[in-house]
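Chemist: Each chain, letter by letter, is given below.
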Amino acid sequence: MTSLRAESLPLNASEHVVSVRQAVRQRAIEIGFSLVDQTKIVTAASELARNTIQHGGGGHATVEVVSDGVRRGLRLVFEDSGPGIADLPQAMRDGYSTAGGLGLGLSGAKRLSNEFAITSTPGSGTRVVITRWK
Amino acid sequence: MERIPILKMGGFLLVSIQVDMHDRLALQLQDDLTTRIAETSARGVLIDISALEMVDSFIGRMLGNIAAMARVLDAQTVVVGMRPAVAITLVELGMSLAGVRTALNIERGMELLSGSLEEAGRENDIAPR
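First to last, the sequence lines map onto chains A and B.
Start counting the first sequence at 1; every next residue gets the next number (the numbering used here).
Start counting the second sequence at 1; every next residue gets the next number (the numbering used here).
Because the hints were derived from the structure by calculation, they are not lab data.
Don't take each hint at face value.
Claimed, not checked - To be clear about the criterion: a stretch of chain B counts as covered by chain A if any three or more of its residues have a C-beta under 8 Å from a C-beta of chain A, and this derived list gives those stretches:
| # | region |
| --- | --- |
| 1 | 30 to 37 |
| 2 | 47 to 60 |
| 3 | 89 to 100 |
Said to hold, decoys possible - One-sided excerpt, in silico: chain B residues whose CB lies under 10 Å from chain A:
| # | residue |
| --- | --- |
| 4 | Gly64 |
| 5 | Arg83 |
| 6 | Pro84 |
| 7 | Ala85 |
| 8 | Val86 |
Since the structure is predicted, the reported quantities are computational estimates derived from the model, not experimental observations.
Ideal placement from N, C-alpha and C gives every residue a C-beta, glycine not left out.
Please work from the sequences and hints to get the whole structure.
Modeler: Given below as structure tokens:
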């Protein structure tokens, strides 16, 4: 996978979630995503950006236009240096929440992406990478 | 402070969300709307989301909360104008907005609200005092 263009955005306040949504929308339009695909990747980005702020204590998002030689896609990386997640399978389950939410953030974002990867180290942070291809 | 306007139309409150809401703004709307229902004794709330390009789990939960709080205050809520791409994404995300009444557009939403109020009025007339 080669990176064609990348930008990094801060995630420290609830307004930043809106900025990430708008940046992702703009790139998705440029790549030529359908309206439904745009909406899916923007919604996934919104869920993960909120997680970075609420659970990770802030961090940043990287919005990257990528190519695998045949097609283009959008790769989003969300990183924080917060407390990390001790039990990933539990965190990935629908309806599991520690913040009083609906517990759809991680599981929902995974369903809305083509590729999903999460790594987390208790005490040092969490990194979520999603990709959606055109 | 930034706020989403709430309009009063007869016995109904009308909200049209025209901005990409951050979470605090969504919570503010939830509080404001609940307060206004009590203040105005509104029997119905119409929320137009036709300008929203995305509804994530937070906004979905806000819509559910508004509908629940309104119900407790004896008002009905109808969410109107959801874009098809938003509906597809919301269901795939895992939300079906259970407990929230929806209509395709404002006109149908108004009909739904007026209709259910008339019905409630008739039931009250028949009920023994």
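Chemist: None of the hints should be skipped; say for each whether it holds.
Modeler: Against the structure, the hints:
1. 30 to 37: violated (count 0)
2. 47 to 60: holds (count 7)
3. 89 to 100: Since three or more residues must qualify, the claim that chain A covers the region 89 to 100 of chain B holds, with 6 doing so at under 8 Å.
4. Gly64: Holds, about 9 Å.
5. Arg83: With a minimum Cβ separation of about 8 Å from chain A (threshold 10 Å), the hint on Arg83 of chain B holds.
6. Pro84: holds, 8 Å
7. Ala85: Constraint on Ala85 of chain B satisfied, holds at 4 Å.
8. Val86: Since chain A brings a Cβ to about 6 Å from Val86 of chain B, closer than 10 Å, the hint holds.
Hint compliance for this structure: hint 1 alone is broken.
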